[in-house]
Amino acid sequence: MAEHEYKDEIIRRIKEGNYKDLDDLYTHFRNEFLSWGMKHFKLADKDSMIDAWQNAIIAFYQQIASGKLVHLECEVKTYLFVLAKRYLIKTVERNGRTESLNVNDISLHKMETSMEFDWDDPMHFQKRQLTSAMLSLGAQCKELLNLKFLEELSLDEIMLKKGYNSLNATSASISRCLRNLKDLIKDTLQNDR
Numbered sequence: 000m001a002e003h004e005y006k007d008e009i010i011r012r013i014k015e016g017n018y019k020d021l022d023d024l025y026t027h028f029r030n031e032f033l034s035w036g037m038k039h040f041k042l043a044d045k046d047s048m049i050d051a052w053q054n055a056i057i058a059f060y061q062q063i064a065s066g067k068l069v070h071l072e073c074e075v076k077t078y079l080f081v082l083a084k085r086y087l088i089k090t091v092e093r094n095g096r097t098e099s100l101n102v103n104d105i106s107l108h109k110m111e112t113s114m115e116f117d118w119d120d121p122m123h124f125q126k127r128q129l130t131s132a133m134l135s136l137g138a139q140c141k142e143l144l145n146l147k148f149l150e151e152l153s154l155d156e157i158m159l160k161k162g163y164n165s166l167n168a169t170s171a172s173i174s175r176c177l178r179n180l181k182d183l184i185k186d187t188l189q190n191d192r
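Under numbering that gives the first Met the number 0, the first residue of the sequence shown carries the number 0, and numbering increases by one thereafter.
Hints are computed from structural coordinates only; laboratory data are not their basis. Mixed in with the good hints there might be a few duds.
[What the hints assert, rightly or not] Capping the alpha-carbon separation at 20 Å, the derived lysine-lysine pairs in PhoX-like fashion look like this:
| id | residue 1 | residue 2 |
| --- | --- | --- |
| 1 | K147 | K161 |
| 2 | K141 | K185 |
| 3 | K126 | K67 |
| 4 | K89 | K14 |
| 5 | K89 | K38 |
| 6 | K141 | K126 |
| 7 | K126 | K89 |
| 8 | K89 | K41 |
| 9 | K160 | K181 |
| 10 | K141 | K181 |
| 11 | K19 | K6 |
| 12 | K14 | K76 |
| 13 | K38 | K76 |
| 14 | K76 | K19 |
| 15 | K160 | K126 |
| 16 | K181 | K126 |
| 17 | K126 | K147 |
| 18 | K185 | K126 |
| 19 | K141 | K161 |
| 20 | K6 | K76 |
| 21 | K14 | K45 |
| 22 | K160 | K141 |
| 23 | K6 | K67 |
Go ahead and model the full structure; you've got the sequences and the hints to work with.
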């Protein structure tokens, strides 16, 4: 069986619910990824590397299950390593650690530059729905929700900034906007079916 047929066969079996292939991939390449990670991410601990590997396997499965991944142009190992590397970079950045990443693995670097990673976040679909719904909201609701949830202003601060007469009026306006947002998301879900 040619290599591309083998990769397609693994994807097909996982899509059909054969989780043994996922377990095998997880186990087969795990230690190799950990060794690679220790070499290239000296400030990351082993637990972070294990988490990154697990997240890569989960993202790989989710891509297959959603039908977004039906064929690979690269080796399965390379694909998984790129995913895990991205998760590891996010972890290192989130922990405020900076380090120079030594990317000597040219095949991994080339593959990463040719892949799209907007989906490697397990919450990507929900974030996309939320963004779409937010764009449909009126300007006042957008501003109120941004002040409350992105800028994390208190009700008092929002009341003063927006000129509301009371905390109750401020809270009621935010609640109304959240209800509108929820309805827009529900509509989006129903239209996607």
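Hints, one by one, checked against the model:
Simply put, K147 and K161 have alpha-carbon atoms about 12 Å apart, close enough for the 20 Å limit, and the pair holds. Annotation: proposed proximity of K141 to K185 holds, straight-line Cα distance about 18 Å (limit 20 Å). For the suggested pair K126 and K67, the alpha carbons sit about 17 Å apart, so the restraint of at most 20 Å is met. With a CA separation close to 28 Å, the supplied pair K89 and K14 exceeds the 20 Å bound.
Taking the CA atoms of K89 and K38, the gap is near 17 Å; set against the 20 Å cutoff, the hint holds. Annotation: proposed proximity of K141 to K126 holds, straight-line Cα distance about 16 Å (limit 20 Å). A C-alpha spacing of about 17 Å is found between K126 and K89, which places the hinted pair at or below 20 Å, so the restraint holds. Taking the CA atoms of K89 and K41, the gap is about 15 Å. The hint holds against a cut of 20 Å.
A distance of roughly 25 Å separates the Cα atoms of K160 and K181; the hinted pair therefore is violated under the 20 Å criterion. Of the supplied pair hints, the one linking K141 and K181 holds, its CA atoms being roughly 13 Å apart against a limit of 20 Å. The hinted pair formed by K19 and K6 meets the criterion: a straight-line CA distance of about 15 Å does not exceed 20 Å. In summary, the hint linking K14 to K76 is supported, as the alpha carbons are separated by about 18 Å, within the 20 Å threshold.
A hinted pair counts as satisfied when its Cα atoms are at most 20 Å apart, and K38 with K76 qualifies at roughly 17 Å. Taking the CA atoms of K76 and K19, the gap is about 16 Å. The hint holds against a cut of 20 Å. Taken as a hint, the K160 and K126 pair is broken in the structure, with Cα atoms around 28 Å apart against an allowance of 20 Å. Annotation: proposed proximity of K181 to K126 holds, straight-line Cα distance about 13 Å (limit 20 Å).
Proximity of K126 to K147 is assessed by CA-CA distance (about 18 Å); at most 20 Å being required, the pair is judged to hold. For the hint linking K185 to K126, the alpha-carbon distance of about 14 Å falls within 20 Å, and the restraint holds. A threshold of 20 Å between alpha carbons decides the hint, and for K141 with K161 the separation of about 13 Å falls inside it, so the pair holds. The hinted pair formed by K6 and K76 meets the criterion: a straight-line CA distance of about 10 Å does not exceed 20 Å.
For the hint pairing K14 with K45, the CA-to-CA distance comes to about 30 Å; that exceeds 20 Å, so the pair is violated. Of the supplied pair hints, the one linking K160 and K141 holds, its CA atoms being roughly 15 Å apart against a limit of 20 Å. Under the criterion of a C-alpha separation no larger than 20 Å, the hint pairing K6 with K67 is consistent with the structure, at around 15 Å.
Of the numbered hints stated above, those contradicted by the structure are hints 4, 9, 15, 21, listed in ascending order.
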